[in-house]
Amino acid sequence: MSTSTAFVSIGDLRKGRAAVSEILETAAAGCGTSGGAGKASCGSSGGPDDMPAEIWEKVKNHPCYSEEAHHHYARMHVAVAPACNIQCNYCNRKYDCSNESRPGVVSQKLTPDQAVRKVVAVASEIPQMTVLGIAGPGDALANPAKTFETFRRLQAEAPDIKLCLSTNGLQLPQYVDEICKYNVDHVTITINMVDPAVGARIYPWIFWDHQRITGIEAATILHRQQMLGLEMLTARGVLTKVNSVLIPGINDEHLIEVNREVKKRGAFLHNIMPLISEAEHGTVFGLTGQRGPSAQELKAVQDACMGGANLMRHCRQCRADAVGLLGEDRSEEFTPDKIEQMEVVYDLDKRRAYQQQVEVERQAQHAAKVAAMEAAQTGDAADAGMKVLVAVATEGHGKVNQHFGHATEFQIYELSWSPHGAAHLPPEGTVAGLGSGPAPGHAEVLFVGHRRVDLYCQGGYGEDEQLPSIVNAINDCHAVLVSKIGACPRDELKAAGIEPVDEYAHEFIEQAALTWFGSYRARVASGEITHQPRGDASIRQGAFTAGAEAASAA
Amino acid sequence: MALKIIASMCTACSACEPECPNVAIREKGGTYIIDAVKCTECEGHFDTPQCIAVCPVDGCIKKV
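Chains A and B are the protein sequences, given in the same order.
First residue of the first sequence? That's 1 in the numbering used here, and the numbers climb one at a time after it.
First residue of the second sequence? That's 1001 in the numbering used here, and the numbers climb one at a time after it.
Hints were generated in silico from the structure; no laboratory data involved.
Hints may contain errors.
Stated by the list, open to error - The list that follows gives simulated cross-link-like pairs (lysine to any residue, SDA-like), each with its CA atoms no further than 20 Å apart: (1) A/K181 / A/A158; (2) B/K1062 / A/R212; (3) B/K1028 / A/T111; (4) B/K1062 / A/Q211; (5) A/K58 / A/R352; (6) B/K1004 / B/E1041; (7) A/K162 / A/W56; (8) B/K1028 / B/E1017; (9) B/K1004 / B/T1031; (10) A/K494 / A/A522; (11) A/K484 / A/H397; (12) B/K1028 / A/Q114; (13) B/K1063 / A/R212; (14) B/K1062 / A/H210; (15) B/K1028 / A/D113; (16) A/K58 / A/R236; (17) B/K1028 / A/Q108; (18) B/K1063 / A/Q211; (19) A/K162 / A/G237.
Unchecked claim - Covered stretches of chain A, as calculated for chain B (at least 3 residues, CB under 8 Å): (20) 75 to 87; (21) 210 to 216.
Given the structure is predicted, the values throughout are model-derived calculations rather than measurements.
Built from N, CA and C at the ideal position, the CB exists for glycine as well.
Can you make the complete structure from the sequences, with help from the hints?
Laid out in structure tokens, this is it:
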């Protein structure tokens, strides 16, 4: 490793490693009594009290920047930026299949003109669409003319839509002024390393100053440009999100250092995503058999980063042409042919009125969460440090409102209870001293991720062969909260040790989860059930697309 | 002396187009083509042909 380009000391790296190993051990042992350092507060799910008013104003309706917003607001990407200036071992943009969903892939590239028409059409059809991003399929800033032409026109034609872009950062310093000119509020930089020796294993080459540069030299230049670009954006008050792809054995523990370095330079949010590396995608990692992380491996790294830059855990790794709420993709409703047929009226007042409705609902969800957290203030000493995960089936609006059989993904919430006096978890040996009977404490609920699953129920009956894959995806959960569930999957989930729960149908998610958690702890305390640790779960590759639904329904 | 884009390998990402010092590259029928009359393989401009250096698909651009 070249010492002149290493930005973290070996000692720091060791510290990071110890943190991950410790958490993985805890995860392996189930709900232990020790966990990661730092308070479990996810800034991305924070409300107006957690951040300055001007920042809250920028993120509150942005589904990618606010976990709370992603239940209510939609985004879209327009694929105007096909060219790229670097090569990543996890990317192959040649492969496109309507069933596939991952960054870098689109079905149809658009000209700026087509893109603007599409945005206006979607905005009229989906009034809760508040954000337009340019995320490729290549790099937004490797296509500066097309990217900025699209922004320039949208600023005039759809002035209420927030603009954002995503970049690898190589050309970022050069375009920071241009980005500010179009009031781009949010920029995402993909940063997978802060050590070029790690970078050399991720990036085979970059195109820089009219040359193809490889190895450490390439990673060194990329790293320098990324850090400089991030600092320049921070200095100008542009909110930045850092995306990192978690590649087991290459940058897993290193991402703790990435988190620290980007926080130091003002990154608002850090999104750690699992590597997608199916062999059929034809990426270098796919072909060399580099695996992606398991659900608990991903969570361990995310948990180890808590206390650093705020973590985003609701990313769906969507396509460069995705349309809709984060868990859905309605891009097939807005192909150029279909847009041609649409009667498009950009009604700003209608959009505002709709968004006010959404705001009312969202306030109600927030109030329900606060009330439920206050209500869940007593517990038994035996619960101290108890942590469980629950899976939730939701169609949006922040409620438990989806039938088990209709779920294409589950949202995962972590519930924890700790007695008062302990900041997070009690130190060893204090549990016995708390006495028996209900003790004051606090229960917390934290959104920690989502799991894609295959559709279980098709045309009214369950597909039995799908159930094992659903169990695999939520195998680390103690319960699954749904609006309704059939008798068959109910029995099988129970057999797998996952409790199916439908008594909180149409309640707000956090409220439902905390109420269930209270009843769970009561049942454990009464001896009715025994608290058992759960195992790991697997991450289903790719996100949900309308195409996948159509194909599986066919 | 000229280069050629193998159409079946081209992803039409457009990365090569702005890099060409001779403005010899353009889109045609869903892929990109090099005007053999204008192409100099970047001689006199750069050490290596720019389109080959920036192309994400190795082997997509060849000498004819």
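Task: Which numbered hints fail - done: Of the numbered hints given earlier, the structure breaks none, since each of them holds.
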